[in-house]
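**Student:** Protein chains in written order, with the working numbering: chain A, 1 to 334; chain B, 1 to 338.
Honestly, the hints are just simulated from the structure, not real lab data.
Please note that the accuracy of each hint is not assured.
Once the Cα atoms are required to be at most 25 Å apart in a straight line, the calculated DMTMM-like pairs of lysine to aspartate or glutamate come out as [what the hints assert, rightly or not]:
#1 B/145 to A/16
#2 B/240 to A/224
#3 B/145 to A/54
#4 B/143 to A/46
#5 B/143 to A/308
#6 B/143 to A/247
#7 B/145 to A/50
#8 B/240 to A/229
#9 B/145 to A/29
#10 B/143 to A/188
#11 B/240 to A/16
#12 B/145 to A/46
#13 B/143 to A/30
#14 B/145 to A/316
#15 B/145 to A/164
#16 B/145 to A/21
#17 A/41 to A/29
#18 B/143 to A/21
#19 B/143 to A/45
#20 B/44 to B/235
#21 B/143 to A/84
#22 B/145 to A/245
Residue-level listing of the chains:
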Amino acid sequence: MGRMTYIDAARQTLAEEMRRDPTVWAVGEDLGRGGVFTQYKGLVEEFGPDRISDAPISEAAILGAAVGAAMMGTRPVVEMRFSDFALCAVDELVNQAAKARYMFGGQSRVPMVVREPIGMWRSSAAQHSQSLEAWYAHIPGLVVVTPATPADLRVLLAGAIRCDDPVVFMEHKDLWALEGEVPDGPVDGDPIVELGRARVAREGRDITIVSWSAAVHGAMAAAETLGTEGISAEVIDLRTIWPWDREAVLASVRRTGRLLVVHEAVAAGGFGAEIAATVAETLHGDLRAPVRRLGAPRIPISYAPPLEDRVRVTPEAIVAAARSMVGQPEAADG
Amino acid sequence: MTARTAESPGAPPNFDRQRLLDQYRMMCRIRAFEEAAVGAIADKLVLGAIHPSIGQEAVAVGVCGTLDRADILLSTHRGHGHTMAKGADPVAMMCELFGRAGGCCSGKGGSMHIADFEVGMLGANGVVGANITIAAGAAHAIKLKGEDRVVACLFGDGAINRGPFLEGLNWAQVFGLNVLFVCEDNGFAASTRTQAMTAGPGPAARAESLGIPAAEVDGNDVLAVEAATKELLADVRRGKPRFLVAKTYRLTGHTGVDPAPYRTAEEVAEAWTRDPIARARGLLETAGYAGDDLAAIADSAQREMRAAYDTARAAPWPDSDLAYADVQDVGDPRMVAF
């Protein structure tokens, strides 16, 4: 095992996949100079401008062209800079990429990865901060990936590139500098099987906290605090939200009897609702407390830090919610 | 640069008589297919919307019939003619219109999503202009792989007001891609006259503003469309995208059930005098073909498409389990109960 940052995991994995498969290429704005977050830095020197390809600021064309290129036997990795900008290419992703295989009766596959950095990051305000993973989870045909650690980013990106489905790959901007343990050597085995498989980030007995992406780290901090109070919280990192690891969540909640879902995205219509509903439908008799969700209020993200912080789901809020669910009173202003 | 107008061959030029006869036959087949399909609406066999291209057959045959089998075609919601001219089987297409087993998309696409990857037809599209960026991407892959085939992308005049038109043309030009863009200009964007909603001098000027040379042809003259296509494809095959505007007219409504009250009977009657099939037939008669022989070709096309209609009507529905097939591999709905 060695240590690696989230961004190095991304860069190294893409490079390895491009070395492994000559049909893999990347396209997006500013890739030649390394990408907006340097996640492509140095790659044009190795692979040349045809495979690390700069694109005009034309999100619809970037994504539409990727669909055509994928149908013609290449594997484009599409960079959208910010998931917010991918909204300029919703038709291309939702109406074209996601549906081509189905509506053409299986004649075509669209093997492409659409990288959409998500989340709040240093006063980026309302058009550069959203977490829209639930939108894509709603669309048949798409795979939605939300890695929380360098190790997971590595294996999940390899799986996303190798699988034949269109994948929305959502890296959290606030995690680029995060360091973590990563297995030595290139990704081996079949990383496609990791898509849809959750990770038990921390084992526990009293409550199951399900999360993904950057929110996992808040859940882990909360679990640590809860542990000092004698509450044993299990943290499940979904890693991909479509498909999501239903079995892992149900097995955990069957044991703990309590479910708290935590995500950064707006709670209303968020993917937490899907998990909560599934658990309520499936495990009603086994639940020792009502299912709860923590997510953002339904307001755009602000610029000023105190306003931005107001919508964050903090470890303190997670602790308070978990505490109340296991029968200990919430703090007065929890 | 100003738009060039390809010379209309006029009559009687030194055209290839056998070639025109083949083109006439294909236009008759496309017309007969669509007449049968429109008739099937009343019989409740066509289930969703279809968009006939009656009157526009010369564009389909002049452009798509000029492509090699290995070349790629991206089409529109009005794509029956393009698809047939590229070589697709009309029986499979009729089955698709009827939503039956044996349809070219297994009954999952219908008219607006007809595709036949075997003949390089990568799909009609239900979203106006969406095929333009996909076509650019198909050509991008061809370039990356070092292949020498071309992509033809047909769209209507309404598409030029959508962003993907600008983005897709710009993309093809900056990357030097093998795309022939063809604006099939029938004057109407659905039920609105396109000119009333379009600023500036039109599609050719927009292409040329991006440095893509454009030619305009009489889209009801199959020989003119073919000649212009051939000339432009010579450049396209060398990585120079080109643009063709084929002026034509939609002789029926936007959909199979649209009576098109937004235009006058006189206008439509006048347009029928420019029917591309009658025009080709006139040229062939001038060139010495017997009228009876040409009528027999049209009759044969009618019989072929009636047979396609009967075959499709008799075809079974697709197995309903197919509803769950070909969604995706990862998260396959057949594997996981959600």
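**Student:** Does each hint fit the structure? Answer for all of them.
**Tutor:** Each hint tested on the structure:
Restraint check for residue 145 of chain B and residue 16 of chain A: satisfied, since their Cα atoms lie roughly 20 Å apart, inside the 25 Å limit. In summary, the hint linking residue 240 of chain B to residue 224 of chain A is not supported, as the alpha carbons are separated by about 62 Å, beyond the 25 Å threshold. Between residue 145 of chain B and residue 54 of chain A the CA atoms are separated by roughly 18 Å; this keeps the pair inside 25 Å, and the hint holds. For the hint linking residue 143 of chain B to residue 46 of chain A, the alpha-carbon distance of about 19 Å falls within 25 Å, and the restraint holds.
Only pairs whose Cα atoms come within 25 Å are accepted, and residue 143 of chain B paired with residue 308 of chain A is rejected, the gap being roughly 46 Å. For the hint linking residue 143 of chain B to residue 247 of chain A, the alpha-carbon distance of about 44 Å lies beyond 25 Å, and the restraint is violated. At roughly 11 Å between alpha-carbon atoms, residue 145 of chain B and residue 50 of chain A fall within 25 Å of each other, so this suggested pair holds. Among the hinted pairs, residue 240 of chain B with residue 229 of chain A is inconsistent with the structure: their alpha-carbon atoms are about 70 Å apart, more than 25 Å.
A threshold of 25 Å between alpha carbons decides the hint, and for residue 145 of chain B with residue 29 of chain A the separation of about 22 Å falls inside it, so the pair holds. Proximity of residue 143 of chain B to residue 188 of chain A is assessed by CA-CA distance (about 31 Å); at most 25 Å being required, the pair is judged violated. For the hint pairing residue 240 of chain B with residue 16 of chain A, the CA-to-CA distance comes to about 33 Å; that exceeds 25 Å, so the pair is violated. Among the hinted pairs, residue 145 of chain B with residue 46 of chain A is consistent with the structure: their alpha-carbon atoms are about 18 Å apart, no more than 25 Å.
Restraint check for residue 143 of chain B and residue 30 of chain A: the C-alpha separation of about 21 Å stays at or below 25 Å, so the hint holds. Of the supplied pair hints, the one linking residue 145 of chain B and residue 316 of chain A is violated, its CA atoms being roughly 54 Å apart against a limit of 25 Å. This hinted pair checks out: residue 145 of chain B and residue 164 of chain A have alpha carbons roughly 19 Å apart, not beyond 25 Å. For the given pair, residue 145 of chain B sits about 13 Å from residue 21 of chain A by alpha-carbon distance, which is consistent with the 25 Å threshold.
At roughly 13 Å between alpha-carbon atoms, residue 41 of chain A and residue 29 of chain A fall within 25 Å of each other, so this suggested pair holds. Note on residue 143 of chain B and residue 21 of chain A: the hinted pairing holds, with a Cα-Cα distance of about 17 Å set against a maximum of 25 Å. Taking the CA atoms of residue 143 of chain B and residue 45 of chain A, the gap is about 20 Å. The hint holds against a cut of 25 Å. Distance check on the hinted pair: residue 44 of chain B and residue 235 of chain B sit about 46 Å apart at the alpha-carbon level, beyond 25 Å; violated.
For the given pair, residue 143 of chain B sits about 30 Å from residue 84 of chain A by alpha-carbon distance, which is inconsistent with the 25 Å threshold. A C-alpha spacing of about 38 Å is found between residue 145 of chain B and residue 245 of chain A, which places the hinted pair above 25 Å, so the restraint is violated.
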